[in-house]
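Colleague: Residues per chain are reported as follows:
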Amino acid sequence: MHELAVTQSILDISLRHAKEASAKRITDINLVIGQFSSIVDDSVQFYWDIVANGTIAQGALLHFNRIPGEMTCGNCGHTFHPTDKAFECPSCTSGFVRISKGDEFRVDSIDVE
Amino acid sequence: MTARIPVIENILSANDRMAARNRETLDQADVYSINIMASPGAGKTSLILKTLESLNGRLRLGVIEGDLATSIDAEKAAAAGLPAVQINTGGGCHLDAAMLADALPALPLNELDLVIVENVGNLVCPANFQIGTHLNVLIASIPEGDDKPYKYPGMYRGVQVLVINKIDLLPYVPFNMNYFKRGVEILNPGVVTFALSSKTGEGMNEWTDWLVGRVKGNEG
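First to last, the sequence lines map onto chains D and H.
Residues in the first sequence are numbered from 1 upward in steps of one, following the working numbering.
Residues in the second sequence are numbered from 1 upward in steps of one, following the working numbering.
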C-alpha cells in the first residue's frame, strides 16, 4: 500500500529535476532499490500510470536497478548474499558480519528530452 | 535528443524533511517522543498502557494512535487518563511525517514529557517512513517466531530500541532466542534490547527506568 506514497515521491523528485533542467519530457526514470528497502515494482508501475498522467513524465519508463542484499564477514572478509534463514558467514560461520549493500532507495537519474 | 540528468536523491526525502520539522516542533516544546512499531497483535497498545502504569507518574505522557479506521486504541488510552489523538490512515499501512505533523497540535505538548506514537501494525511499511520521533522502537513478540529478523530485515535495521514482548510465553512456543538475537545483532549491532512481558510485568521496570533516563537526559 505504501507504494502509492513512494510513487508520488518519485514523481515529485523527477518533475523538480526536469524543471530545473528545462526539460520538455521525461522518458525514463532510473531507480536504485536495495533488497532491504521493500517496495513492489509492479505496484509502483501501476500507480505510476495514474499519478504521472497529465504531467511531462506521462508514459515514462521506470527502471528498477535491484541491489541484492550483501554482507561482509568481519572475521574472514568473505562477501556474500544472505538468505532469509541465516546471516552467518557461509565461509567461516562467523556471526561478526556487517551489511555492505541493500539499503539503497533512491532516484538515481532521469532521462529527458 | 535525450539527456541524462543525475538525481541521486532518496525517494522519501520530502518525508524526511517533514520528519525533521516534526522533531523541531517536539524539541521546541521540550518533549521526548518514541515511535512504536510492530506487527498486529505484538502488544503495542498493551505495552503503552503497562508503561503508563509502570511509570507511576514519573513522566507526563501523551499518545498518538495510528490505526486503519477505528479509534479503539485511542479510546483505551483516553480511558487510562492519557491525552490521546487518533490518526486514521484510512487504509494506509503506515504513518508518515505529514500525518504526525497534523496530529501534534492536538496534544498539549507544553504539558507533556513524552509522546508515544503507536504506528500501524505492520512489519514492512513503517520502517521506510521516518516520522521525526527521537527513537524508533520495535516490539517483537515471542509467538511471532524467532525468524522475523531474517524475514523482515528492513524493520530490524531501522530501530534504536528492540522490545521483546510476551516472554512469559517462552516455555510454550518454540523460539530460539540465540538464533533470533544473532540475526538482530547482524542487522542492527548493539541495538538497545529489553525482554519483558506486559502481561506479567516482568522486565517492565528496566524498560521504564531506561525510558525515564532518556527523557530526563534529553531535557536541556
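Simulated from the structure, these hints should not be mistaken for laboratory data.
Errors might be hidden in some of the hints.
Unchecked claim - With a Cα cut of at most 27 Å, we get these calculated DSSO-like pairs of lysine-lysine:
| id | chain 1 | residue 1 | chain 2 | residue 2 |
| --- | --- | --- | --- | --- |
| 1 | H | Lys76 | D | Lys101 |
| 2 | H | Lys181 | H | Lys148 |
| 3 | D | Lys101 | H | Lys151 |
| 4 | H | Lys151 | D | Lys85 |
| 5 | H | Lys181 | H | Lys76 |
| 6 | H | Lys199 | H | Lys148 |
| 7 | H | Lys181 | D | Lys85 |
| 8 | D | Lys101 | H | Lys148 |
| 9 | D | Lys85 | D | Lys101 |
| 10 | D | Lys85 | H | Lys76 |
| 11 | H | Lys151 | H | Lys181 |
Colleague: Between H:Lys151 and D:Lys85, does the CA-CA distance stay at or below 27 Å?
Modeller: 8 Å, holds
Colleague: Quickly compare the C-alpha distance for H:Lys199 and H:Lys148 to 27 Å and report which way the hint goes.
Modeller: The hint holds at about 22 Å.
Colleague: Within 27 Å, alpha carbon to alpha carbon, are D:Lys85 and D:Lys101?
Modeller: 18 Å, holds
Colleague: Is D:Lys101 within 27 Å of H:Lys151, Cα to Cα?
Modeller: The given pair, whose Cα atoms are some 17 Å apart, holds under the 27 Å limit.
Colleague: Would you check the hint for D:Lys85 and H:Lys76, treating anything up to 27 Å between C-alpha atoms as holding?
Modeller: Since the Cα atoms of D:Lys85 and H:Lys76 sit roughly 38 Å apart, the hinted pair is violated (cutoff 27 Å).
Colleague: Hinted pair, alpha-carbon criterion (27 Å max): H:Lys151, H:Lys181. Please report holds or violated.
Modeller: Distance ~14 Å between H:Lys151 and H:Lys181 Cα, so the pair holds.
Colleague: Sort out whether H:Lys76 lies within 27 Å of H:Lys181, counting only the CA atoms.
Modeller: 32 Å, violated
Colleague: Is the Cα-Cα distance between H:Lys181 and H:Lys148 27 Å or less?
Modeller: Answer holds: H:Lys181 to H:Lys148 is near 10 Å, not above 27 Å.
Colleague: Holds or violated: H:Lys76 with D:Lys101, Cα cutoff 27 Å?
Modeller: 42 Å, violated
Colleague: Take a quick look at whether H:Lys181 and D:Lys85 sit within 27 Å of each other, Cα to Cα.
Modeller: Roughly 13 Å separates the two Cα atoms, so the pair holds.
Colleague: Checking one constraint from the list: CA of D:Lys101 to CA of H:Lys148, max 27 Å. Satisfied?
Modeller: Holds, at about 20 Å.
Against the hints set out earlier in the document, violations occur for numbers 1, 5, 10.
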